[in-house]
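Trainee: I would like the entire structure built from these sequences, with the hints used as guidance.
Protein chains in written order, with this note's numbering: chain B, 9 to 276; chain E, 232 to 305.
FYI, nobody ran anything at the bench for these hints, they're computed from the structure. Since this is a predicted model, take the numbers as computed values, not measurements. There's no promise every hint is true.
Okay, the calculated beta carbon distance ranges per label pair [as the list claims (entries may be wrong)]: (1) 232(E) / 265(B): 56 to 62 Å; (2) 33(B) / 239(E): 48 to 54 Å; (3) 45(B) / 270(E): 48 to 54 Å; (4) 226(B) / 271(E): 41 to 47 Å.
Negatives, chain B to chain E, calculated, CB over 10 Å [stated by the list, open to error]: (5) 36; (6) 40; (7) 80; (8) 87; (9) 104; (10) 110; (11) 148; (12) 153; (13) 161; (14) 198; (15) 237; (16) 270; (17) 274.
The C-beta atom is built at its ideal place from N, Cα and C for all residues, glycine as well.
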Amino acid sequence: MGRTAAECYTAVLGKDMTINWFKYASPSAFYPVAGRLIPWFGAIALVLILASLYVGFFETADHLGGSNPQKEYYRIIFVHVPAAWMSMWLYLVLAGWSAIGLVFNTRLSYMMANALAPTGAIFTFIALWTGAFWGRPSWGTYWDWDPRLTSELILFFLYIGYIALHSAIDDTRRADRAGALLSIVGLVMLPIIFWSINCPDPTQCAALHQRSDPGAIHATILIPMLGMTLGFWSYSFATVFARLRGIILTRESDAAWVRDVIDREARA
Amino acid sequence: MIESISQFVHQGGYAGFVWGAFGMTFALLLAEIWQLRRSRRTILVRVGRLVRLRHPRQSTSPAASRPAAAETRR
Numbered sequence: 009m010g011r012t013a014a015e016c017y018t019a020v021l022g023k024d025m026t027i028n029w030f031k032y033a034s035p036s037a038f039y040p041v042a043g044r045l046i047p048w049f050g051a052i053a054l055v056l057i058l059a060s061l062y063v064g065f066f067e068t069a070d071h072l073g074g075s076n077p078q079k080e081y082y083r084i085i086f087v088h089v090p091a092a093w094m095s096m097w098l099y100l101v102l103a104g105w106s107a108i109g110l111v112f113n114t115r116l117s118y119m120m121a122n123a124l125a126p127t128g129a130i131f132t133f134i135a136l137w138t139g140a141f142w143g144r145p146s147w148g149t150y151w152d153w154d155p156r157l158t159s160e161l162i163l164f165f166l167y168i169g170y171i172a173l174h175s176a177i178d179d180t181r182r183a184d185r186a187g188a189l190l191s192i193v194g195l196v197m198l199p200i201i202f203w204s205i206n207c208p209d210p211t212q213c214a215a216l217h218q219r220s221d222p223g224a225i226h227a228t229i230l231i232p233m234l235g236m237t238l239g240f241w242s243y244s245f246a247t248v249f250a251r252l253r254g255i256i257l258t259r260e261s262d263a264a265w266v267r268d269v270i271d272r273e274a275r276a
Numbered sequence: 232m233i234e235s236i237s238q239f240v241h242q243g244g245y246a247g248f249v250w251g252a253f254g255m256t257f258a259l260l261l262a263e264i265w266q267l268r269r270s271r272r273t274i275l276v277r278v279g280r281l282v283r284l285r286h287p288r289q290s291t292s293p294a295a296s297r298p299a300a301a302e303t304r305r
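Mentor: As structure tokens, this is what we get:
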């Protein structure tokens, strides 16, 4: 008795329990970790997406009922809303890693921001595309310069702008810093997208997007929507880590550990 | 059975919208996965070439002997 939990752990496993998180801030340490995590995130994503699709397609149809034509195409929200959430969330994460990179000057943070951009752009495009396919049957138009649609479109251009700016500058360190600044300035779009609803009270007007209370959404709709969101999130982890590994190898090609990795992968 | 499948495909007359939305979503996600797999292969080849150019002797992989052999011929 009298020993701390950490000492017991050290005694039993012969290891120090305190995890040095900064160890994983180095690309060489994170490269294998990311590689091991990819299949797990991929599997979780597959299970969650398939389960949500099943519930969304087969377990919800009769709950809406009536002659409301929306009951036939509302399924689009199971990809539209999760994709829109992911587009904003991934941008927040991208800007967050950019800020950490600017403050601590850590290479891996910039690489993470870099790896996030294409996946974020894809989810933004999916949100816009599925929104158009929802808008045509329900509001009679594929596109309208509604505040939320417009600000989401600008978010898409911000992703494209980040990728274009980064690839336009040859010096990687300057490209990282310029891209980081752009992404942080672009953060203003997130609250704009979030609060850009020109109809605060649905009983007073008809707007494309209305304020809704999550508690009022029927469970058979809310659950596949949340399941799909977690599935997309897990998918993003897998693809971003896969892209990150490529970026690490390319940028660290001078390092000795990359030589070993290449030797091993060439034999595998 | 066949009737329920065709009903499912029909989506109450909104097949184009529903399948257009889901189709684009999963086509893009699968395309991203495919692109990542392809780029991983190209990156391994490209970085491997760079590494062998810089360290022709230290590397022990069989492919590394090729640039060295080219050197002796010259």
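Trainee: Take the hints in turn and mark each one as holding or not.
Mentor: Results for each hint:
1. Here the CB-CB span from residue 232(E) to residue 265(B) is close to 57 Å, well matched to the stated 56 to 62 Å.
2. The given range of 48 to 54 Å is respected by residue 33(B) and residue 239(E), whose C-beta atoms sit roughly 49 Å from each other.
3. Between residue 45(B) and residue 270(E) the Cβ separation comes to about 19 Å, which falls outside the hinted range of 48 to 54 Å.
4. About 42 Å separates the C-beta atoms of residue 226(B) and residue 271(E), a value consistent with the hinted range of 41 to 47 Å.
5. Consistency note on residue 36(B): stated as away from chain E, and its beta-carbon is indeed over 10 Å from all of that chain's, at 14 Å minimum.
6. For residue 40(B), the shortest C-beta to C-beta distance to chain E comes to about 15 Å, beyond the 10 Å cut-off, and the non-interface label holds.
7. Look at residue 80(B): its CB is around 3 Å from the nearest CB on chain E, not clear of 10 Å, so calling it non-interface is violated.
8. The non-interface label for residue 87(B) is inconsistent with chain E: the shortest C-beta to C-beta separation is roughly 5 Å, within 10 Å.
9. Residue placement check: residue 104(B) keeps its beta carbon more than 10 Å from all beta carbons of chain E (closest about 22 Å).
10. Look at residue 110(B): its CB is around 26 Å from the nearest CB on chain E, clear of 10 Å, so calling it non-interface holds up.
11. Against the 10 Å criterion, residue 148(B) stays outside the reach of chain E, whose nearest CB is about 12 Å from its own CB.
12. Every beta carbon of chain E lies more than 10 Å from that of residue 153(B), the smallest distance being close to 21 Å; the non-interface claim holds.
13. No Cβ of chain E approaches the Cβ of residue 161(B) within 10 Å, the least distance being about 16 Å, so the stated non-interface status holds.
14. Against chain E, the non-interface label of residue 198(B) holds: every CB pair exceeds 10 Å, the least being about 22 Å.
15. The beta carbon of residue 237(B) sits about 13 Å from the closest Cβ of chain E, which is more than 10 Å, so the claim that it is off the interface holds.
16. Separation of residue 270(B) from chain E is inadequate, the least Cβ-Cβ distance of about 5 Å not exceeding the 10 Å criterion.
17. Not every C-beta of chain E lies more than 10 Å from that of residue 274(B), the closest at about 5 Å, which undercuts listing it as non-interface.
Consistency note: the structure conflicts with the earlier hints numbered 3, 7, 8, 16 and 17.
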